[in-house]
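**Student:** If you follow the hints, you should be able to join the two separate chains into one complex; please do so.
Listed below are the residues making up each chain.
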Amino acid sequence: MELKHFISINDLKKEDIDFFLKKAGSMLELLESKKSVNICRGKILATLFFEASTRTRLSFECAMHRLGGSVIGFADAGSSSVSKGESIADTIRTVESYSDIIVMRNPFEGAAKVAANNCSVPIINAGDGGHEHPTQTLLDLFTINKKKKSLSNLTIGLCGDLKFGRTVHSLAKALSEFKGNTMICIAPHELQFPEGIRKKIEDTGTKIIQTDNLKKAIARLDVLYVTRIQKERFVSEKEYLRLKGIYVVDRKMLEKANKDLIVMHPLPRVDEINPEVDRDSRCVYFQQAFYGVPMRMALLSVMLKCEK
Amino acid sequence: MEEKKVRNIIDGTVIDHIKPNCAMKVLSVLRDIDHECIIVCINTDSKKHGRKDLIKIENKFLEEQEYNELALISPDATINIIKNGKRVSKEKVKTPKHIKGIGKCNNPRCVTNCQNMETEFDVISIKPTVLRCSYCESTAEYKG
Chain A
1 MELKHFISIN
11 DLKKEDIDFF
21 LKKAGSMLEL
31 LESKKSVNIC
41 RGKILATLFF
51 EASTRTRLSF
61 ECAMHRLGGS
71 VIGFADAGSS
81 SVSKGESIAD
91 TIRTVESYSD
101 IIVMRNPFEG
111 AAKVAANNCS
121 VPIINAGDGG
131 HEHPTQTLLD
141 LFTINKKKKS
151 LSNLTIGLCG
161 DLKFGRTVHS
171 LAKALSEFKG
181 NTMICIAPHE
191 LQFPEGIRKK
201 IEDTGTKIIQ
211 TDNLKKAIAR
221 LDVLYVTRIQ
231 KERFVSEKEY
241 LRLKGIYVVD
251 RKMLEKANKD
261 LIVMHPLPRV
271 DEINPEVDRD
281 SRCVYFQQAF
291 YGVPMRMALL
301 SVMLKCEK
Chain B
1 MEEKKVRNII
11 DGTVIDHIKP
21 NCAMKVLSVL
31 RDIDHECIIV
41 CINTDSKKHG
51 RKDLIKIENK
61 FLEEQEYNEL
71 ALISPDATIN
81 IIKNGKRVSK
91 EKVKTPKHIK
101 GIGKCNNPRC
111 VTNCQNMETE
121 FDVISIKPTV
131 LRCSYCESTA
141 EYKG
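Protein chains in written order, with the numbering used here: chain A, 1 to 308; chain B, 1 to 144.
Pulled out of the complex, with its shape left as it was, chain B reads as follows (with noise of 0.2 Å):
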């Protein structure tokens, strides 16, 4: 079957290679894109994995906050950079050794959950991501 083409965008963001079926959790970790436009391709076919999920988003270019979230979700999604309907730059996520104000601790009783401040952790393992709680040490694998 003929695969239709979406639009391409002018000025944006294009996340590719997605894991599949995460699009929509990928989606819930970016800020201010109400107003945008915003295609998202499910389970699409990839050359390298089989199945992958992608978005492209008008007028958006991802935050650090924004990017790391990815980086944990999807370990093997790339960003395109899309300027005056050009590609600039496509760079595959990198994974951060260390996270400030993302997720909760799975711990009731870690600190973290009892105070009004930010979760912070260290990501020890990247496939599957497992983070582990710079106040109280308990681990746990990132379900986004």
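The following block holds chain A by itself, in its conformation from the complex (with noise of 0.2 Å):
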């Protein structure tokens, strides 16, 4: 398996889908084993975090650190010459020379692309604003293939900004490719999937219902995958104000759901899942953010050429 770049879900076919769950499967096994793995001994990643994260950064660091390399990077824009005007081109011309691997997050949509023109060591999208964010897609797959047994013949709700939230884009992408899904899209009508993300998924022969009521929806569905509405996509505040807390999953809300139901959320949340259901054994979204660790090591180890 070779992977340049990884800038989008689009970058993997099925099998290499395939390739990466049973990778970060084994991860898990040695993570879970507490054997030291040094595979990546002598190997830097570069973390260019121009908006905060929590998971993504501190889970590539966490992998890499597990993997034997090492890591240096900035976790705001402000602290880089970002905030000076340098370029994305200069900015990545510059650390490739750091380092072996560079992992990235922008606010700007196709700024991983533009990175990857730029840059001979390899750049994995660490998400592009509203665009792509293919690693989260991979662990959460990974989540569902844990916890489900299987990536087919599922029926997906897709809760909250699916307009602007790149997890559930580049998710939807990946999931179409499996056979026999059904995505339920819960939004209101303001943030249901862009135009040309939904007719590339129905191409696929995936079925896509669209609906603004979480209520009716729930008690059909294997997955729900809940996100956050994002005060930062919004250009008009009073807009955002209208629409967060549009949905909540509390207590009364997974009665009317299926016992065998898993809550997913990529994290951070706001109000749109109250902590009271957090030890629900169907909420699965802290388990979901530790994957994180196995696949970017998965994706950390292939990339870098550093397989055992």
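Honestly, the hints are just simulated from the structure, not real lab data. Here the structure is a predicted model, which means the values were calculated and not measured. Check before you lean on any hint, since a few could be wrong.
The calculated lysine-lysine pairs, modelled on DSBU-like cross-linking and capped at a C-alpha distance of 35 Å, are [claimed, not checked]:
(1) B:Lys94 to A:Lys13
(2) A:Lys231 to A:Lys252
(3) B:Lys86 to B:Lys48
(4) A:Lys173 to A:Lys148
(5) B:Lys104 to A:Lys207
(6) A:Lys84 to B:Lys100
(7) B:Lys127 to A:Lys163
(8) A:Lys179 to A:Lys146
(9) B:Lys86 to A:Lys173
(10) A:Lys4 to A:Lys215
(11) B:Lys19 to B:Lys86
(12) B:Lys127 to A:Lys199
(13) B:Lys127 to B:Lys86
(14) A:Lys163 to B:Lys83
(15) A:Lys252 to A:Lys179
(16) A:Lys199 to B:Lys86
(17) B:Lys90 to B:Lys47
(18) A:Lys4 to A:Lys34
(19) A:Lys179 to A:Lys200
(20) A:Lys200 to B:Lys94
(21) A:Lys256 to A:Lys163
(22) B:Lys48 to A:Lys163
(23) B:Lys19 to B:Lys83
(24) B:Lys47 to A:Lys163
(25) A:Lys146 to A:Lys14
(26) B:Lys83 to A:Lys200
(27) B:Lys90 to A:Lys163
(28) A:Lys13 to B:Lys104
(29) A:Lys173 to B:Lys83
(30) B:Lys127 to A:Lys179
(31) A:Lys149 to A:Lys163
The following residues of chain B were derived to be distant from chain A, with all beta-carbon distances above 10 Å [said to hold, decoys possible]:
(32) Cys41
(33) Ile82
(34) Thr95
(35) Pro128
Note that the Cβ used here is the ideal one computed from N, Cα and C, for glycine as well.
**Tutor:** Structural data, given as structure tokens:
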């Protein structure tokens, strides 16, 4: 398996996704066995986060440390020369000479492609605005596969911000590669899937149902993937305030759901999942966040060609 | 009413079958023509399309970028090359599949709108001309 840059989930074919699911499974076993892994010793990961992140950045850093490598980088644009007006291309051309692989998050859509066009070391897209977040997708698929033992013939509810939510865009594209899935898109009209993405998914034969009613839809679901209404993506604060808090998963809501439903969330959450359901065994979002580590270990080891 | 003929050019380009009322838009994308003789017909009769625009430009031969922009504005246009008063070639424009450095992405959050860089688009439909940004993947109809 060769992967020069990982910019979009479209960079992977179905068999590549299967490969990474298997590879992450092996990494999880290694983590659980508490054995030390030093396959990336001597390698340096640069994490360039022009936008805030907790899980993505820390799980990448954790993954690299677990693999025996080292990490350099910055956690906000203010502490880099970007605050002086440096371009993405110049930042990348500089950092590539300090590192063996670069993970980048940037608020502008398409920024990861710009980085890849100007970089000789592998680039991993850790989120480019509302566009793509492909490593989140891989860990989401890993979570679904672990919990449901399959990625096919599932009814998946995607709930919340489907317009600007990059995690749901990438996840929906990836799930449409697997047969027999139905996606129920639960969002107010203003935050439904962009037309282009919806069409691409429907073209694969995946069934899409659009609704704004979570209460009615929840009983049909195998997976409920909840996303935050993202304040930073709105131009108008008034519009944000009108739409935030429109869906809340709480104890009462889960009473209507299947016993074997799983509730996922890329986190951070604000008020869309009430903490009162955190101990419900169907709510797997913290485990999902942990799975970011084995999946990112798998990605780093493959892209750095440090496999055993 | 008898139509008055406009004069022929000796060396240059005749762009025919331009979408009606689009000649000025086409002229706006042509470079280095400030000092050349230009003849423009707007909304003239066309056997094929009913109405058309036409441009004749002395001493001007289109460059690739101009050709591509013309194809986006008017996919049915034809280009006639005139040398020594004779037409040496005539061809219909071909809409490119991929364009660079033409137009601006409509998505305000697109990286091309915040970095000093060339735009790039895939042409995903010809009539109407719909472009998809190669960076942010947002699509929009090309308005010229």
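**Student:** All hints, please: hold or fail.
**Tutor:** Right, here's what the structure says about each hint:
For the given pair, B:Lys94 sits about 32 Å from A:Lys13 by alpha-carbon distance, which is consistent with the 35 Å threshold. For the hint pairing A:Lys231 with A:Lys252, the CA-to-CA distance comes to about 26 Å; that is within 35 Å, so the pair holds. Restraint check for B:Lys86 and B:Lys48: the C-alpha separation of about 23 Å stays at or below 35 Å, so the hint holds. Restraint check for A:Lys173 and A:Lys148: the C-alpha separation of about 19 Å stays at or below 35 Å, so the hint holds.
The straight-line distance between the Cα atoms of B:Lys104 and A:Lys207 is roughly 34 Å, inside the 35 Å bound, and the hint therefore holds. For the given pair, A:Lys84 sits about 28 Å from B:Lys100 by alpha-carbon distance, which is consistent with the 35 Å threshold. This hinted pair checks out: B:Lys127 and A:Lys163 have alpha carbons roughly 27 Å apart, not beyond 35 Å. The straight-line distance between the Cα atoms of A:Lys179 and A:Lys146 is roughly 18 Å, inside the 35 Å bound, and the hint therefore holds.
With a CA separation close to 55 Å, the supplied pair B:Lys86 and A:Lys173 exceeds the 35 Å bound. Distance check on the hinted pair: A:Lys4 and A:Lys215 sit about 43 Å apart at the alpha-carbon level, beyond 35 Å; violated. Taking the CA atoms of B:Lys19 and B:Lys86, the gap is about 25 Å. The hint holds against a cut of 35 Å. For the hint pairing B:Lys127 with A:Lys199, the CA-to-CA distance comes to about 19 Å; that is within 35 Å, so the pair holds.
For the given pair, B:Lys127 sits about 32 Å from B:Lys86 by alpha-carbon distance, which is consistent with the 35 Å threshold. Proximity of A:Lys163 to B:Lys83 is assessed by CA-CA distance (about 55 Å); at most 35 Å being required, the pair is judged violated. Restraint check for A:Lys252 and A:Lys179: satisfied, since their Cα atoms lie roughly 32 Å apart, inside the 35 Å limit. A distance of roughly 50 Å separates the Cα atoms of A:Lys199 and B:Lys86; the hinted pair therefore is violated under the 35 Å criterion.
Our distance criterion of 35 Å between C-alpha atoms is met by B:Lys90 and B:Lys47, whose separation comes to about 17 Å. Straight-line distance between C-alpha atoms of A:Lys4 and A:Lys34 comes to about 30 Å, which keeps the hinted pair within the 35 Å bound. Between A:Lys179 and A:Lys200, the direct Cα distance comes to roughly 15 Å. Compliance with the 35 Å bound is thereby established for this hinted pair. Taken as a hint, the A:Lys200 and B:Lys94 pair is honoured in the structure, with Cα atoms around 26 Å apart against an allowance of 35 Å.
For a cut-off of 35 Å, the pair hint linking A:Lys256 to A:Lys163 stands: about 26 Å separates their Cα positions. A C-alpha spacing of about 43 Å is found between B:Lys48 and A:Lys163, which places the hinted pair above 35 Å, so the restraint is violated. Proposed proximity of B:Lys19 and B:Lys83 is supported: the alpha carbons are some 25 Å apart, at most 35 Å. Using a Cα cut-off of 35 Å, the hinted pair B:Lys47 and A:Lys163 is violated, with the two alpha carbons roughly 47 Å apart.
A distance of roughly 17 Å separates the Cα atoms of A:Lys146 and A:Lys14; the hinted pair therefore holds under the 35 Å criterion. Pair hint B:Lys83 plus A:Lys200 does not hold up; C-alpha atoms about 48 Å apart against a cutoff of 35 Å. With a CA separation close to 47 Å, the supplied pair B:Lys90 and A:Lys163 exceeds the 35 Å bound. About 31 Å separates the Cα atoms of A:Lys13 and B:Lys104, which keeps this hinted pair within 35 Å; it holds.
With a C-alpha separation of about 53 Å, the suggested pair A:Lys173 and B:Lys83 falls outside the 35 Å cut-off, and the hint is violated. Taking the CA atoms of B:Lys127 and A:Lys179, the gap is near 33 Å; set against the 35 Å cutoff, the hint holds. Using a Cα cut-off of 35 Å, the hinted pair A:Lys149 and A:Lys163 holds, with the two alpha carbons roughly 29 Å apart. A cut-off of 10 Å between C-beta atoms confirms that B:Cys41 is not in contact with chain A; the least separation is 38 Å.
Even its closest Cβ contact with chain A, about 41 Å, leaves B:Ile82 beyond 10 Å, as expected for a residue assigned away from the interface. The Cβ of B:Thr95 lies farther than 10 Å from every Cβ of chain A, with a closest approach of about 20 Å, so its non-interface assignment holds. Non-interface call for B:Pro128 relative to chain A: holds, since the shortest CB-CB distance, roughly 15 Å, exceeds 10 Å.
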